[in-house]
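Construct the entire structure; sequences and hints are all you get.
Okay, here's what each chain looks like letter by letter:
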Amino acid sequence: MNNILAVASVVIKELYRRKDFYVLYILTVLICLIMASVNLFHDVHIVRYLKEICLLFIWICSLIIAITTAARQIPSERENRTLFPLLAKPLSRTQLLLGKFLGCWLACGLALICFYLFFGALAASREHHWPLLNYLQAGLLHWVMLAVVIAFTLLGSLVFAAPSSNATISFVFVAFILVLGRHLNKVALQLPEPRRSILYGLYYCIPHLELFDVRDLIIHNWPPVAWPVCGVAALYALAYASALLIGAYLVFRRKAIN
Amino acid sequence: MRSTKLPLLILLGLLVLCFGLAAWLDLWFQTWQGNRTQSAHVLSVLMGDSRRMFANHFFVKADAYFHSGFYPTVFDNREAFRTPHMAEDSGTVGGRNQGDEKGFLGKPRDWIDAFSRQFFPARHTHLDEGGASGDLGDSSQVREIMPWLRLSAELNPNDIRTYTVAAYWLRERMGKVAEAEQFLREGLRENPDSYEIMYELGRVYSENRNDQARARNLWEAALRQWQRQEAPKSDPDKFLFIQIASHLALFEEKQGHYPQALAYMELWKARSPGPDAVQKFIDDIRHKMASPAPAPAAPPLQPPGQAP
Numbered sequence: 001m002n003n004i005l006a007v008a009s010v011v012i013k014e015l016y017r018r019k020d021f022y023v024l025y026i027l028t029v030l031i032c033l034i035m036a037s038v039n040l041f042h043d044v045h046i047v048r049y050l051k052e053i054c055l056l057f058i059w060i061c062s063l064i065i066a067i068t069t070a071a072r073q074i075p076s077e078r079e080n081r082t083l084f085p086l087l088a089k090p091l092s093r094t095q096l097l098l099g100k101f102l103g104c105w106l107a108c109g110l111a112l113i114c115f116y117l118f119f120g121a122l123a124a125s126r127e128h129h130w131p132l133l134n135y136l137q138a139g140l141l142h143w144v145m146l147a148v149v150i151a152f153t154l155l156g157s158l159v160f161a162a163p164s165s166n167a168t169i170s171f172v173f174v175a176f177i178l179v180l181g182r183h184l185n186k187v188a189l190q191l192p193e194p195r196r197s198i199l200y201g202l203y204y205c206i207p208h209l210e211l212f213d214v215r216d217l218i219i220h221n222w223p224p225v226a227w228p229v230c231g232v233a234a235l236y237a238l239a240y241a242s243a244l245l246i247g248a249y250l251v252f253r254r255k256a257i258n
Numbered sequence: 001m002r003s004t005k006l007p008l009l010i011l012l013g014l015l016v017l018c019f020g021l022a023a024w025l026d027l028w029f030q031t032w033q034g035n036r037t038q039s040a041h042v043l044s045v046l047m048g049d050s051r052r053m054f055a056n057h058f059f060v061k062a063d064a065y066f067h068s069g070f071y072p073t074v075f076d077n078r079e080a081f082r083t084p085h086m087a088e089d090s091g092t093v094g095g096r097n098q099g100d101e102k103g104f105l106g107k108p109r110d111w112i113d114a115f116s117r118q119f120f121p122a123r124h125t126h127l128d129e130g131g132a133s134g135d136l137g138d139s140s141q142v143r144e145i146m147p148w149l150r151l152s153a154e155l156n157p158n159d160i161r162t163y164t165v166a167a168y169w170l171r172e173r174m175g176k177v178a179e180a181e182q183f184l185r186e187g188l189r190e191n192p193d194s195y196e197i198m199y200e201l202g203r204v205y206s207e208n209r210n211d212q213a214r215a216r217n218l219w220e221a222a223l224r225q226w227q228r229q230e231a232p233k234s235d236p237d238k239f240l241f242i243q244i245a246s247h248l249a250l251f252e253e254k255q256g257h258y259p260q261a262l263a264y265m266e267l268w269k270a271r272s273p274g275p276d277a278v279q280k281f282i283d284d285i286r287h288k289m290a291s292p293a294p295a296p297a298a299p300p301l302q303p304p305g306q307a308p
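Read top to bottom, the protein sequences are chains E and R. Going by my numbering, the letters in the first sequence line up with residues 1 to 258, in that order. Going by my numbering, the letters in the second sequence line up with residues 1 to 308, in that order.
Please note: incorrect hints may appear among the correct ones.
[What the hints assert, rightly or not] With a cut-off of at most 27 Å between alpha-carbon atoms, the simulated BS3-like pairs for lysine-lysine come out as follows:
(1) K102(R) with K186(E)
(2) K238(R) with K280(R)
(3) K255(E) with K89(E)
(4) K254(R) with K238(R)
(5) K254(R) with K280(R)
(6) K186(E) with K107(R)
These are calculated hints, taken from the structure and not from any lab test.
Now the structure itself:
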């Protein structure tokens with residue numbers, strides 16, 4: 001476990017040494033503040049559009065951070081030839097993979113804390129109340145969803161040749177699920193066989209990342225989701241993340257390091 | 001060492017050419033009809049006329065906000081949402097909705113579908129009735145639709161319903177009469193022949209400013225525009241015609257101008273889906289005209305959408 005944590009801490013340090021997070025964070029803050037300064041019929045209590053824009057940027061930025069961080073972990077170790085000394089130490093490939101995953105996931109969690117704190121402050125400045133429980137739930141579901149994305153990208157980094165192609169494919173895959181994942185069953189039901197069964201099969205196979213997107217509940221001040229339901233959703237995401245990590249381990253185990 | 005005179009001369013020649021070309025092009029650009037730099041709107045400068053494509057998207061988004069996020073996607077049954085509810089409820093457009101507005105999701109098709117419904121709004125509400133909180137006393141939350149209506153108007157200044165719908169909610173539920181009037185005037189500048197905006201502006205003067213004379217002038221202008229634009233059509237906008245004619249008829253009756261009231265009621269009756277109800281109004285006025293006693297106070301103007 002110590003080895004895994006040591007690798008994870010290096011990944012977290014990498015996040016705050018690189019400029020990516022700061023650039024995305026400042027960009028989000030600036031855009032939100034500019035949007036907040038717009039005069040809309042002299043009404044200073046209009047806030048939901050601002051919450052929507054801010055949450056959209058948080059989601060986009062978190063996906064960029066998660067995918068780009070995870071996509072470069074193992075390829076950069078190979079390119080810099082630091083993978084040999086790492087594995088020469090008493091560190092197994094499984095521990096390296098788990099360390100990289102945990103590091104990326106924790107780093108995303110830290111980034112999410114910063115983003116959601118800003119979101120909460122922005123919303124509170126207009127709404128004058130702070131539904132902490134709702135924000136905590138939205139942040140946790142978001143973070144759990146990122147576990148699947150990171151695991152998928154780590155697997156991709158072992159399968160695809162370059163980090164750029166892996167990042168692009170991961171972005172397309174995640175965007176596809178977030179936009180269309182919920183509706184694949186409706187489309188499938190309108191198709192003739194065998195396309196219906198194939199699409200319905202795909203619907204069951206893909207990780208439904210859109211389940212973790214509770215932005216509409218936050219924007220429109222709906223009550224939070226029941227915690228047991230959130231727990232089941234978290235188990236669902238962790239099951240997918242584990243499956244993808246096992247897949248990554250199986251690929252990494254047989255992969256030549258040089 | 002090679003001479004540097006030739007490259008310098010070429011550079012000088014190119015600079016002169018660039019300057020001359022820029023001076024010539026600038027004259028042409030200032031007179032070119034496609035020049036966007038004269039526009040005061042950033043979106044117009046950036047997107048040109050292509051911005052109109054997105055206007056409807058944001059109008060529908062305002063309606064999604066009106067429902068606190070409970071809204072059908074392109075994959076759902078949209079029969080009950082063909083006319084945005086925020087527009088229908090404002091009485092500025094006629095409704096074409098059918099079907100069950102609460103059950104467009106249908107029964108869950110599988111366990112993922114059933115489970116996913118816990119994570120997005122799955123109850124039909126309207127913001128003017130309290131929205132997600134269900135607090136019927138808090139109708140001011142309807143203000144949340146305004147940013148998208150404003151953006152929709154910026155993207156397509158010729159989409160008239162954006163102005164009338166926004167103005168209705170601004171003055172009725174947000175108490176912002178001045179802003180409503182200003183927004184309608186913006187719309188009228190962009191669409192000077194719009195009978196819809198004239199009618200709505202008349203309502204502002206009648207219901208909020210208590211300036212009945214100006215309201216009548218606006219409604220008369222709206223009626224003239226309607227007759228000029230819609231009367232020749234095979235399927236004219238009857239909804240707005242009935243609104244304008246009924247408001248004018250009731251206004252004239254209230255003022256005691258019975259002949260004018262009768263004339264407007266005849267127009268109203270001719271296009272009304274319920275002519276018998278209008279005939280009762282006509283009979284009442286004829287009775288008042290025949291009666292030597294002074295006319296009693298007329299009933300208040302009917303809210304729109306309830307005219308028979």
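How the hints compare with the structure:
no.	hint	in the structure
1	K102(R) with K186(E)	18 Å, holds
2	K238(R) with K280(R)	20 Å, holds
3	K255(E) with K89(E)	18 Å, holds
4	K254(R) with K238(R)	24 Å, holds
5	K254(R) with K280(R)	16 Å, holds
6	K186(E) with K107(R)	12 Å, holds
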